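We have chain A; now place chains B and C onto it with these hints.
Chains as they are written, first to last, in this note's numbering: chain A, 20 to 137; chain B, 60 to 275; chain C, 1256 to 1660.
Hints were generated in silico from the structure; no laboratory data involved.
Don't take every hint at face value.
[Said to hold, decoys possible] Quick list of simulated restraints, FRET-style, between CB atoms:
#, chain 1, residue 1, chain 2, residue 2, range
1, B, Leu114, C, Ile1261, 25 to 31 Å
2, C, Val1315, B, Leu114, 45 to 51 Å
3, C, Trp1374, A, Pro55, 55 to 61 Å
4, A, Ala123, C, Arg1292, 45 to 51 Å
5, C, Val1270, B, Val73, 30 to 36 Å
6, B, Val77, C, Val1569, 43 to 49 Å
7, A, Leu39, B, Val73, 19 to 25 Å
8, B, Ala226, C, Trp1374, 50 to 56 Å
9, B, Gly69, C, Trp1577, 50 to 56 Å
10, C, Ala1635, B, Leu114, 38 to 44 Å
11, C, Glu1542, A, Ala123, 55 to 61 Å
[To be verified] Below 30 Å or equal to it, Euclidean Cα-Cα: the simulated DSS-like pairs (lysine-lysine) are:
#, chain 1, residue 1, chain 2, residue 2
12, A, Lys57, C, Lys1596
13, C, Lys1316, A, Lys76
14, A, Lys51, C, Lys1596
15, A, Lys51, C, Lys1320
16, A, Lys76, C, Lys1330
17, C, Lys1316, A, Lys57
18, C, Lys1330, C, Lys1316
19, C, Lys1596, A, Lys76
20, A, Lys131, A, Lys76
In this text, all values refer to a predicted model and were calculated from it rather than measured experimentally.
The beta-carbon is built from N, C-alpha and C at its ideal position, and this holds for glycine as well.
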Amino acid sequence: MLANYAIVGIFLVAAISFPLIPLVLAFFLRPKRPTPLKTSTYECGLEAIGDVHVQFKVQYYLYALAFVIFDIEVIFLYPWAVAFQVVGLYGLIAATIFLLMLFAGLLYEWRKGALEWV
Amino acid sequence: MEVVVQITFGVIAVFILVAAAMVVSVRNVIHAALWLIACFFGVGALYMLLEAEFLAVVQVLIYVGAVSVLILFAIMLTRQITGEGVRQLTNRWPVVLAIATLLFATVLAPTLINQQWNVPPAPPLGTPEPIAGPAELGRGFVNEFLIQFQVVGVLLTVALIGAIVIAYEERARRRKVLTLAEELELKRLREQTSPTVPAPVEAEPVVQESRSASER
Amino acid sequence: MDWLTILIIVIQCFVITLAVTTAFAYLTLFERRILARLQNRVGPNRAGPAGLLQPAADAVKLFFKEDIVPAMADKPVYLLAPAVAVIPALIIWAVIPFGCLNLNWDYQACYDPARTNLWNILQITDLNIGVLYVLAVTSIGVYGITLAGWASNNKYSMLGGIRSSAQLISYELALGCAVLSVVMTYGTLSTHEIVTQQQGGLWGIIPQLLGFVLYMIAATAEVVRAPFDLVEAEQELTGGYNTEYGSMKFALFFMAEYIKLIAVSALAVTFFFGGWHFPGLDILGREVTALAGPVAGSIVFGIVSLGAFLLKVVVFLFISVWVRASWPRLRYDRLMDLGWKWLLPVGLLNLVYTTVVIILIPDRVVHSWVLFGLGAITIAIAIGFNRTPKPIDNVTLVKDIQLPN
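For reference, chain A alone in the conformation it holds in the complex (with noise of 0.2 Å):
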């Protein structure tokens, strides 16, 4: 088995030194005269004002919070999915039971309204 994980080991070498190669090889090529204009920040050509990292609505906060949840419930049935023909109907009505509790938690959610991108 670890054979396996090895052989992606490889890969992610193969992968790795795909896209550093060009980098390396655009090094050489490339002209690299900056000029302070040149390094400013982009802003359809005017002077950039103000801070980039401003607050952000709280509302991406709570889209990753239920994401967080909702991957690591669905994230728990995969092992089930895998046995579940195996289980039979027991395990079927334990799993309902589970994924009734996602499906509260959703509509929970969305009764009140945390879903709403406004």
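Showing chains B and C alone in chain A's frame:
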């Protein structure tokens, strides 16, 4: 083969330790978060080395793919990203270091002394086979770990509800955006009873769809 | 493992990476040509015969572009972001079976789910948890865009980056649900086994019609293609997260996006369209083996299976380009609504369907078609719901307002 695994373990362990040290020592919060992600990856690789492939992938999926995104979002919600000029150490950090090392050693020493290296303890007779693949895990979820499985479900749902209760601001408390009909109604009311009724302070008329305006 | 085996594996890894990269280069040309045709233009046709050297010309141009690093950028993260974007896109390919060329020279081993006597050169490795590996790698893909947006220190980039991360995580859930239903249908996490189980024409789209539709929508959003390309909406965000990126670093982002597009198309083929299966493939393998021996049989089988797979992938790529040419971009709140209020509930519903039907009707063919029917009905209802006239976001249109006289 054994040697290769040992060397890989060493490399991964050093990587995790370096990453962990960087998390607490860099000044830029985003960089700290990135080092944390690197640290999570290292832990995933460690699981992989222990042949716990499911755990390793889940580590990447949940910690790298989900929890770290949440952390990054939380950081982006704050304003001060770089802690330039903020002191990270107190004056008496050697004392603290000594105490921490001592406490850690007290915990670790008995383990180190009593550990018989490289000899996995023989399981007592009658212990069930260790759970290995996802299929066994899935069977476990609906058999011997049924209660735990359901409790996890309850826990996650409660966490979701709790998160919304804490983080979510009720709609009514946010700035009200009027619809076009409401706006016209308000205008009509204002014209009827003017000039006694001033416009409500928080009501800011906003036309949402430009289409409606252009169809006039 | 002896050295020869390791050498073959290393060569295989590099060749596949090279092939994927080349496929990316020609996908850009393919897209530009098809897009041009769909808009009644000609498209790039000057570089080489029929424009076939256009990707090379593009590459040369990008190599010689001046590299500008914005002064305000966070240098290490700025340089890291393109690599973080492109590496996950490439390593997804580790588990995708794009054919079956058995180096143990026995084509029949390809149909064996247990993989005994199989050394498939056309799949890098088959992991026991291949499907989860794919999901894990996709989930890393968020970082490239987010970090690029953050590190550029540009308002457009920042908006693009944060928009994209919210979009990607939202659709990752729907993707997870769709893939979960596939896993339930086949009861395995190995991609090779999923393909072998689709032998005999009962392709994954029949039991998982609903799953397929969900997968396609979620995957399109996951690779930020039109109509979900708000991340790089040219009209409002100039370039989105890659506004401040130029030359080779921009090319890497571009590469990541297109390689991911090929990868999700390949996965769609693997999950829902029988992978490298093609009607008559086993007969071909048998006949050639009888005629010219097992070595020739395996090689012909491998090449034909690879061809079948590529053909199916090209169909998906064409559909993707077609969609890009035809559909306008979604508005951001609609995008979020689609992800959370449509795809996720329908995805969960699909899980319930799959579970109940498979448990109640053990027969494979019957439950597949029952699921197909259920899926079709659900899709019809969902489309019907979506078509019902309703006030757009609580805005009353001017013509509907009754003014007091």
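Hint check:
1. Under the hint 25 to 31 Å, the C-beta atoms of Leu114 of chain B and Ile1261 of chain C, about 27 Å apart, fit the expected range.
2. Taking 45 to 51 Å as the suggested C-beta distance range, the pair Val1315 of chain C and Leu114 of chain B conforms, at roughly 46 Å.
3. Between Trp1374 of chain C and Pro55 of chain A the C-beta distance comes to about 58 Å, which sits within the given range of 55 to 61 Å.
4. Separation of Ala123 of chain A from Arg1292 of chain C is about 50 Å and conforms to the stated range, judged on CB atoms against 45 to 51 Å.
5. Judged by the Cβ atoms, the range 30 to 36 Å given for Val1270 of chain C and Val73 of chain B holds: they are separated by roughly 33 Å.
6. About 45 Å separates the C-beta atoms of Val77 of chain B and Val1569 of chain C, a value consistent with the hinted range of 43 to 49 Å.
7. Between Leu39 of chain A and Val73 of chain B the CB atoms are about 23 Å apart, so this pair conforms to the stated range of 19 to 25 Å.
8. A hinted range of 50 to 56 Å holds for the C-beta pair Ala226 of chain B and Trp1374 of chain C, which are about 52 Å apart.
9. Checked against the hint of 50 to 56 Å, the C-beta distance between Gly69 of chain B and Trp1577 of chain C comes to roughly 52 Å, which is consistent with it.
10. Hint check: Ala1635 of chain C to Leu114 of chain B, Cβ distance near 41 Å, so the stated range 38 to 44 Å holds.
11. Evaluation of the 55 to 61 Å hint for Glu1542 of chain C and Ala123 of chain A yields a pass: the beta carbon distance comes to about 57 Å.
12. Only pairs whose Cα atoms come within 30 Å are accepted, and Lys57 of chain A paired with Lys1596 of chain C is rejected, the gap being roughly 44 Å.
13. Between Lys1316 of chain C and Lys76 of chain A the alpha-carbon distance is near 40 Å, which puts this suggested pair outside the 30 Å criterion.
14. Proposed proximity of Lys51 of chain A and Lys1596 of chain C is contradicted: the alpha carbons are some 49 Å apart, above 30 Å.
15. Restraint check for Lys51 of chain A and Lys1320 of chain C: the C-alpha separation of about 9 Å stays at or below 30 Å, so the hint holds.
16. Simply put, Lys76 of chain A and Lys1330 of chain C have alpha-carbon atoms about 26 Å apart, close enough for the 30 Å limit, and the pair holds.
17. At most 30 Å may separate the alpha-carbon atoms for a hinted pair to count; Lys1316 of chain C and Lys57 of chain A meet this at roughly 19 Å.
18. Distance check on the hinted pair: Lys1330 of chain C and Lys1316 of chain C sit about 24 Å apart at the alpha-carbon level, within 30 Å; holds.
19. Between Lys1596 of chain C and Lys76 of chain A the alpha-carbon distance is near 20 Å, which keeps this suggested pair within the 30 Å criterion.
20. For the hint linking Lys131 of chain A to Lys76 of chain A, the alpha-carbon distance of about 18 Å falls within 30 Å, and the restraint holds.
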